[in-house]
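Sequences are here, hints too, so could you generate the full structure?
Heads up: the sequence lines are chains A, B, C, D, E and F, in that order.
For what it's worth, our numbering labels the leading residue of the first sequence as 11, then goes sequentially.
For what it's worth, our numbering labels the leading residue of the second sequence as 11, then goes sequentially.
For what it's worth, our numbering labels the leading residue of the third sequence as 11, then goes sequentially.
For what it's worth, our numbering labels the leading residue of the fourth sequence as 11, then goes sequentially.
For what it's worth, our numbering labels the leading residue of the fifth sequence as 11, then goes sequentially.
For what it's worth, our numbering labels the leading residue of the sixth sequence as 11, then goes sequentially.
Check each hint, because a few of them may be wrong.
Which copy? The list can't say, so a pair holds if one copy fits it or any two copies do.
DSSO-like cross-link-like pairs, simulated, lysine-lysine; straight-line CA separation at most 30 Å [said to hold, decoys possible]: (1) K246 <-> K213; (2) K213 <-> K172; (3) K102 <-> K246; (4) K57 <-> K139; (5) K191 <-> K172; (6) K102 <-> K57; (7) K139 <-> K191; (8) K139 <-> K213; (9) K139 <-> K246; (10) K172 <-> K139; (11) K191 <-> K102.
Since the hints were made in silico from the structure, they are not lab data.
6 protein chains.
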Amino acid sequence: MPNSESRGSRRILWINPVGTDLFDAEMQALFEREGMPGTRVEVRSLKRGPHHLEYHYYGALVLPDVLNMLRRAEEEGFDAAVVGCFYDPGLKEAREVVERMPVVFPAETCSYLAATMADKFSILVGRRKWIPAMRELVERYGLGGKLASFKVLEMGVHDFQKDPAETERRMIAASREAVEKDGAEAMILGCTIEFGFAQVLQKEIGVPVLDATITPFKFAELKAELSQRYGWSASKRGGFESPTVAEIRSWDLGAQYDDVAAVWS
Amino acid sequence: MPNSESRGSRRILWINPVGTDLFDAEMQALFEREGMPGTRVEVRSLKRGPHHLEYHYYGALVLPDVLNMLRRAEEEGFDAAVVGCFYDPGLKEAREVVERMPVVFPAETCSYLAATMADKFSILVGRRKWIPAMRELVERYGLGGKLASFKVLEMGVHDFQKDPAETERRMIAASREAVEKDGAEAMILGCTIEFGFAQVLQKEIGVPVLDATITPFKFAELKAELSQRYGWSASKRGGFESPTVAEIRSWDLGAQYDDVAAVWS
Amino acid sequence: MPNSESRGSRRILWINPVGTDLFDAEMQALFEREGMPGTRVEVRSLKRGPHHLEYHYYGALVLPDVLNMLRRAEEEGFDAAVVGCFYDPGLKEAREVVERMPVVFPAETCSYLAATMADKFSILVGRRKWIPAMRELVERYGLGGKLASFKVLEMGVHDFQKDPAETERRMIAASREAVEKDGAEAMILGCTIEFGFAQVLQKEIGVPVLDATITPFKFAELKAELSQRYGWSASKRGGFESPTVAEIRSWDLGAQYDDVAAVWS
Amino acid sequence: MPNSESRGSRRILWINPVGTDLFDAEMQALFEREGMPGTRVEVRSLKRGPHHLEYHYYGALVLPDVLNMLRRAEEEGFDAAVVGCFYDPGLKEAREVVERMPVVFPAETCSYLAATMADKFSILVGRRKWIPAMRELVERYGLGGKLASFKVLEMGVHDFQKDPAETERRMIAASREAVEKDGAEAMILGCTIEFGFAQVLQKEIGVPVLDATITPFKFAELKAELSQRYGWSASKRGGFESPTVAEIRSWDLGAQYDDVAAVWS
Amino acid sequence: MPNSESRGSRRILWINPVGTDLFDAEMQALFEREGMPGTRVEVRSLKRGPHHLEYHYYGALVLPDVLNMLRRAEEEGFDAAVVGCFYDPGLKEAREVVERMPVVFPAETCSYLAATMADKFSILVGRRKWIPAMRELVERYGLGGKLASFKVLEMGVHDFQKDPAETERRMIAASREAVEKDGAEAMILGCTIEFGFAQVLQKEIGVPVLDATITPFKFAELKAELSQRYGWSASKRGGFESPTVAEIRSWDLGAQYDDVAAVWS
Amino acid sequence: MPNSESRGSRRILWINPVGTDLFDAEMQALFEREGMPGTRVEVRSLKRGPHHLEYHYYGALVLPDVLNMLRRAEEEGFDAAVVGCFYDPGLKEAREVVERMPVVFPAETCSYLAATMADKFSILVGRRKWIPAMRELVERYGLGGKLASFKVLEMGVHDFQKDPAETERRMIAASREAVEKDGAEAMILGCTIEFGFAQVLQKEIGVPVLDATITPFKFAELKAELSQRYGWSASKRGGFESPTVAEIRSWDLGAQYDDVAAVWS
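Right, dumping it as structure tokens:
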């Protein structure tokens, strides 16, 4: 348990799991503005990789780097981390590779939070392509029965911030339909790059609108504290049991994959 | 949105929904010790009522007083409240009577937190009698598929703190069985009066053990902030729509039920 | 087991769980007309309370009085009782407080009866507000998969009988849509005050239309007989175990709540 | 709607869907004893066929004769019928071939009745062989979540009545295990030939024990009345739509199958 | 295990479970064209019976003959059989009466195949009447969550091949709606008599279209090989345990039902 | 559609998704022995990587190489491929990166095949660690309700073939328990390296035992044919839509990850 000096102090890592730092600075500023007193946050993206994860292949390419970054973050002393993509890439792998550091995911936290505020919720996605994998997530979290609908904006990840007025217009139309026809009582913005629209949308539609940046970020702050004070983090008895450094070294994986040597030693 | 001075400041009400203040002082001390900087907490029990809620009839007796206390708390300026019983009494009623104040419940928050830390979890209850209503809760929250088992301690609410060594012994035996035979990767203490045992049990069993006091209390702190900063609270569009003061007065309910006049005016 | 004289004789209590007797006389006449030979029925409403239960807060206010009325009814010798509201208020509490008297609820009986007559059914409700709690009931009863839809009439409880022609017109339109678009093969009228419309609607639409008064009333007659002859009533081993008079008296609850002293002695 | 003279009068057919009349007389006496005033009951078995339906092939052999018997029964003026086997053979076929006569099935009615009396129930079957088809039924009725367990007595249909003391002994042992280990709050006897044991078992175990003869028989009485007075029977809009006599005659099925000519003309 | 000569050699029986040979020759040609080298196929229809199975009564009439035909087929040395109706008539009965011969069903195989190719699929049916029984099948197979919709063509079984251009036009319109509005990623033709349309529809719509003849036929070829080489066929331990010839003879069923004597001896 | 010469001819790739060729030769021989006439099979393992995938981190490391190998295989003219690990690694990614080549997975095919042969099945796994991810797979495939149990052999992937007599002994004990206590009617060997035990186990236990090598291999043969002749492969409309070469090149991913340049050009 931490001594009283450090109480309320925590370091959070936000990973943009893509090979572009296009959104890093803006998110860094956002989280600094929104953090609790005592929170130090760092936004990092990858040294390589695709610029979005709309295709699952891209998710597979970046995942080893994300997992290594998470393991390194734990060694650097971060108290919690967020993998910033609404596909929740590497949820079970992440909780396996770290020892105690909580790893937080946008779809998981937005879904559970929405479930405490609404009978049913809808998720605003960019393309139909995203729906099957995201519905599978919501169902895996147990909340398939609380999902009113997915609404498609017909935009790619990099379109959301290009013409904010158009994005907003589409979000309002889609949300209105979700609330009026599909029975949604709350909305979730189903991509971290949909940041910045939640408050105006909420005001316009009159139901809570959760965004996929602030929600997991605030949960990461909470999870950091729960881990620091009570040792509550992913169970290591069962599915999240970690591989051993010994085994990884015995196969010389460090020589075979980038970064592995550095973080498993 | 609050000004910067108040940032990180919040008032939390913990309601022990019973007609005894037996546990109030100990819980007050607990929450003061565990609260974040800036959290002011108040523990209140009812002026009347049964001393535990093991029977649903008792839950029905206390519920109007709890709901009126919640509505009054919102008027008093509390930023969040917890109804401190693992049956989550009045979950849908509470979110209906308040306007914006988040109301937090132990089973709901423990279940969702456990689901982010374990494949399956078990719940330690006092008696078999409690199981049907609690399983119904977990299923309603969508997590029936993550429930490994209920384990019965064969103790009433007022027994847990009487002979702590005996309670601990039973908890350890039951948890061991849950982890080894039922596949639980985490444990939840299924009664707020099981407070004080989580840390030792966790150390003994080697899986996360969530207790039903700290978990909802910390969520209440988070929910208070989310409500203050982002206006995120229970949706008022649909099932949680509030009744109107006008209607309540038109029927003169204030003259018919204790406390109603005071809080609906 | 009763002697042959009493065979086919039963006393049924119908509770209108509201603080108005507005519908009592009409329902009394209805049930007297529809009862089997040997059935004596009594319709009672509460001495106080809201005039409808559209808000869950109102349900919480009336529930203690309803439960005490049920317990008293058992002492008075009623053979079965119905709590006449489609939210099925107090289902688990009611089966707990009585010893052997069956307590029947409208949504539960209509849902199970419809399930024996149709692949899927729809429920006609007054307002969208009602849907979440009612869907939760249907799912709790296991019949979520047989629910084609809820159809909203945009009427409050007290509107249904005001302009019957308008009510009928809306019911026909909504039912037609349920049958043709949603795949309903039967309809349920989702409020006890929707009485009197079932037969004309059934004739118009051509599918069975169950109303929420006659259905539970006839089940109450059946349940009374099953209890009298075979001792079949809610199990007392588990979730419906009753509290003891001794415990209630030990806390002096009789002095704290209206009516408690009278019925727990 | 019937005139007042016939009120409370109904004719019920109980079909033993087997090619032996071994149990007919005993069941006839049972139902005459248990029927309401005004109930006339007739027990019929088939002119040919296997002596039990433990194998699904046997069920297929008897089904055409059962369906023709049901259709003829409707023409003869029966007000309701029961197909007396806990596999509920021909449930969807039966509701298709009749026009308005309710057809009642043991597993369906026992399951729904048990669901109103217990959180979970167990079913006593003769052999493991029966379980898959019966569990499929309970799940189809929506009650898979309320099924505590099947308990196997290791007896065939024709064994139950041979050595009643032995049957009773096994039933008690199995029920005790169901209640104590599996969480059952009620028991269902999963074969119509398990008649005669419910009351003693209920007394011994202390939870409701539903048998598969009286339960559907009493529901048949209720269903008869609901059909007579309110026209409530299986919906003809959808899955239970009947074939036409014209089509059956156009293919000359009457010349191809026993009994078809007689009942489809 | 077969010797090497017979490797890749198999006899498949396709049963048209109706009393007309109207489609036999066309299907025989189809399967001969589509079979693997070494496959010998035979299409048989019944000596009597209705000409389609749109009504469940018709299914009950033909089932004994189908089951006897299956059992005889096994004796004749067939390596696998298909019961060619999308209601999958007699699925559990068929696997019970045969000893080792795999019996394949259209809805079962099409559903499982579609589930490996698409997130959700829709089924094209002739009439609304068919939907409840077919949805029940898909749910029984575990795939209710992957069913986007049923689309109704408003055609009977014997209409599909009458005016192929009209059938095709309706199929295209319905499939387009399924893909665009209901989220289907693949289509299934929900009747064996919808043969011949899959390829053109697939080309037009751009998603896989499975038909209900080729799919089960190709699975029958696979199942034949799996049975021949590995002994993989329906488990005889549990629900598919076969009745004994001795019992069938003890009741003299051979004298009571057509064909029984011949196949159970 | 292929010309008649190639009929019955197909090339299958089996990928052992690990960085060791330890099992390649034995599997190559196995598949050559078990393939249909006309099947050419090639077993490949990875140039680098962990020697088993018991930890999800290992799965993440190998996945990009597996996906690139699959895409290259399609270009090389393979007609189907199997990713040979019972975690079904990369199921949705694989169907996305290929254009038309079917990709087959062990858990998916074993589960669906078992579902056509048994009411419930059990899966033999090496360690408890594997269960959560594998149960999630079975549930995702819709078959959670048909899963009797997982049985743990307490062996790692590389232990199965070390002392075959011991492996067999444990498999027999575990299977017996699954069949007798858990209600399994069939068994699945939950690791591709459990090859070689199915036949003896099946003979010993008396229920079908599916192994995780032959089952997906034979499905790959079928899928190859269905793709060749009917164009049936994973839908490209929705979740399996492929990324474009243009986008991958625009980000220069070929320079950033091994093999990417070669297969996306």
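Which of the listed hints are not met by the structure? none
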